[in-house]
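**Q** Now for the letters of each chain:
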Amino acid sequence: MLDDFFTRALIGGVGVALVAGPIGCFIIWRRLAYFGDTLSHSALLGIALALLLEINITLTVFLISVLVSFLLLLLQRRATLSSDALLGLLAHSTLALGLVVLAFLTWVRVDLMGFLFGDILAVTAYDLATIWGGGIIALAVLSFIWNSLFAITVNYDLATAEGIKPEIINMIFTVIVAAVIAVSMKLVGVLLITALLIMPAATARRFSTSPEWMAVIAAVVGSVSVLIGLNGSLKWDTPAGPSIVVAALLCFIVSLLPLPNLIEMKKRGFTRIANLLVKAKENDEAS
Amino acid sequence: MINFHFQLNRQKRADIVLISLENAGVRRSDKWLVRGVTMQIEPGEIVTMIGPNGSGKSTTAKIALGIIKADEGVTYQKEDLSVGYVPQKLDVNWTLPLSVNRFLRLTNAASKEQMQQALLATETLHLANSQMSKLSGGEFQRVLLARAIIRNPELLVLDEPVQGIDFNGEIALYKLIDDIRDRLGCGILLISHDLHMVMSTTDRVLCLNGHVCCSGTPATVASSKEFKSLFGHHAASSLAFYEHKHDHEHQLDGKIKSAT
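Chains as they are written, first to last, in our numbering: chain P, -7 to 279; chain C, 51 to 310.
Please keep in mind that the hints were generated in silico from the structure rather than gathered at the bench.
Predicted model only: the values in this text are computed from it and were never measured.
The beta carbon of each residue, even a glycine, is placed where N, CA and C say it ideally should be.
The reader is advised that the hints may include incorrect statements.
[What the hints assert, rightly or not] Calculated pairs, BS3-like style, for lysine-lysine (alpha carbon to alpha carbon, straight line, at most 25 angstroms):
| no. | chain 1 | residue 1 | chain 2 | residue 2 |
| --- | --- | --- | --- | --- |
| 1 | C | Lys139 | C | Lys119 |
| 2 | C | Lys225 | P | Lys157 |
| 3 | C | Lys119 | C | Lys81 |
| 4 | C | Lys81 | C | Lys139 |
| 5 | C | Lys184 | C | Lys139 |
| 6 | C | Lys128 | P | Lys157 |
| 7 | C | Lys139 | C | Lys225 |
| 8 | C | Lys184 | C | Lys162 |
| 9 | C | Lys184 | P | Lys157 |
[Claimed, not checked] Have a look at the derived ranges for each label pair, beta carbon to beta carbon:
| no. | chain 1 | residue 1 | chain 2 | residue 2 | range |
| --- | --- | --- | --- | --- | --- |
| 10 | P | Ala117 | C | Gly187 | 26 to 34 angstroms |
| 11 | P | Thr72 | C | Glu163 | 50 to 58 angstroms |
| 12 | C | Glu129 | P | Val208 | 33 to 41 angstroms |
| 13 | P | Phe62 | C | Asp244 | 39 to 47 angstroms |
| 14 | C | Gln166 | P | Gly125 | 41 to 49 angstroms |
| 15 | C | Asn103 | P | Leu241 | 23 to 31 angstroms |
| 16 | P | His84 | C | Gln166 | 48 to 56 angstroms |
| 17 | P | Glu159 | C | Glu163 | 48 to 56 angstroms |
| 18 | P | Arg101 | C | Asp141 | 49 to 57 angstroms |
Let the sequences and hints guide you as you build the complete structure.
**A** Laid out in structure tokens, this is it:
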């Protein structure tokens, strides 16, 4: 089964989507979209360095992403530039550095388009092991820190005051994001990873009444986008990454349609009844 | 009205210091936000911090809670101190699907019964399944308070807990805070902008304006020169009216409570 490149791409894509959904929720809640962008742009520098030193690409991308995010933390503490300026600076300088280093590697035949926009042909059985192995570890760690991370997300001061250690939790979260970027890079491409993080989560928001549900729905929406996108990519010979993102966009547009929101209607109906009961009781007591 | 099943023995907690600051100060670039703050909170007492905007009330509370590290002075926190915190600002934007029930379990596990008790105590039981982003200002503050007391804290820190609540609701809320102190035996650090509203329940007052202007019992502070110069004679002389007699009681939402 794994001999077929398309099956491999599907399995890999769904694996990526399952992790990207929950992580993407936090990216949205914490307004970190540009941070995700910066890390994924820096992935190209990782690729270039890996090819230069002839070492494992995924691992190098992961390490460079972690390095860049820690560098960002350091700069935020020291520098007087605002965060978004720092992010832009890091994103584009790492991307440019990566491209320049790649240009020097005349002895390596590099499929730049594949790295930038994803290449379903490139997913090997070894990559699948990395995606699923890394993905399961990432999800396990995420579920372990879930409550603390969520508390910090809602209010940093409150979480700190009540005994959560935000520095450690934030650092773990950053490492998870870097890992997701490293494993999903081959499939969706460096430039579009953030879309896979954000769009399913944004789609899921409308159908969720709790953070946990939003994470689950985002994972499902992401997987559906991968299925639709990859099939489209195969059919019309379009690049894998953009096809998946277009499919995710379609899902998002569908979520905007004025369909009745079942979950919320149920909840609303319930609260209304509850309110009525409370009022009736008050009237009883008053009379 | 309130029936906490986790009632605690107040005696047992006596002569412990929950939190203390000694000459604490925090500096941002070249400016001291607050400096030379000395205070301590013991179990069962309500300490109120008052002062104009930007006088460093919230900053002082954050130093005491360990959210901000003091650049100067000594801070102490009792080991394994359990804290309930109502921050001044808490923004739940639309992207965050967060119901009141889920919010109550934000930093700790809580049983259904505990959640009901806390909501009942703050008269927000009917909001249990509402989304946080859809609450009104007053409802929001009461849910914040419910969450803070759910873990039966040793120290409750309330930063402007009456924002968005009307005058009579304010009185009811302060009464509730007083109640909570009696039932839980916890120490309370209350930040407020008006002294006369909190005077009846407060044990000690700390008047801040970048430093501690004056401190002591409410009556001492109200009659002190520093307080008058900070808030004006008008504020000092109007202190009496908080004690006006009510001919009826209000619920937290301002509705008149029916006689039973």
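**Q** Decide, hint by hint, whether the structure agrees.
**A** A quick look at each hint next to the structure:
{"no.": "1", "hint": "C:Lys139 with C:Lys119", "result": "20 angstroms, holds"}
{"no.": "2", "hint": "C:Lys225 with P:Lys157", "result": "33 angstroms, violated"}
{"no.": "3", "hint": "C:Lys119 with C:Lys81", "result": "15 angstroms, holds"}
{"no.": "4", "hint": "C:Lys81 with C:Lys139", "result": "23 angstroms, holds"}
{"no.": "5", "hint": "C:Lys184 with C:Lys139", "result": "16 angstroms, holds"}
{"no.": "6", "hint": "C:Lys128 with P:Lys157", "result": "17 angstroms, holds"}
{"no.": "7", "hint": "C:Lys139 with C:Lys225", "result": "22 angstroms, holds"}
{"no.": "8", "hint": "C:Lys184 with C:Lys162", "result": "22 angstroms, holds"}
{"no.": "9", "hint": "C:Lys184 with P:Lys157", "result": "29 angstroms, violated"}
{"no.": "10", "hint": "P:Ala117 with C:Gly187: 26 to 34 angstroms", "result": "57 angstroms, violated"}
{"no.": "11", "hint": "P:Thr72 with C:Glu163: 50 to 58 angstroms", "result": "51 angstroms, holds"}
{"no.": "12", "hint": "C:Glu129 with P:Val208: 33 to 41 angstroms", "result": "39 angstroms, holds"}
{"no.": "13", "hint": "P:Phe62 with C:Asp244: 39 to 47 angstroms", "result": "46 angstroms, holds"}
{"no.": "14", "hint": "C:Gln166 with P:Gly125: 41 to 49 angstroms", "result": "44 angstroms, holds"}
{"no.": "15", "hint": "C:Asn103 with P:Leu241: 23 to 31 angstroms", "result": "46 angstroms, violated"}
{"no.": "16", "hint": "P:His84 with C:Gln166: 48 to 56 angstroms", "result": "53 angstroms, holds"}
{"no.": "17", "hint": "P:Glu159 with C:Glu163: 48 to 56 angstroms", "result": "35 angstroms, violated"}
{"no.": "18", "hint": "P:Arg101 with C:Asp141: 49 to 57 angstroms", "result": "51 angstroms, holds"}
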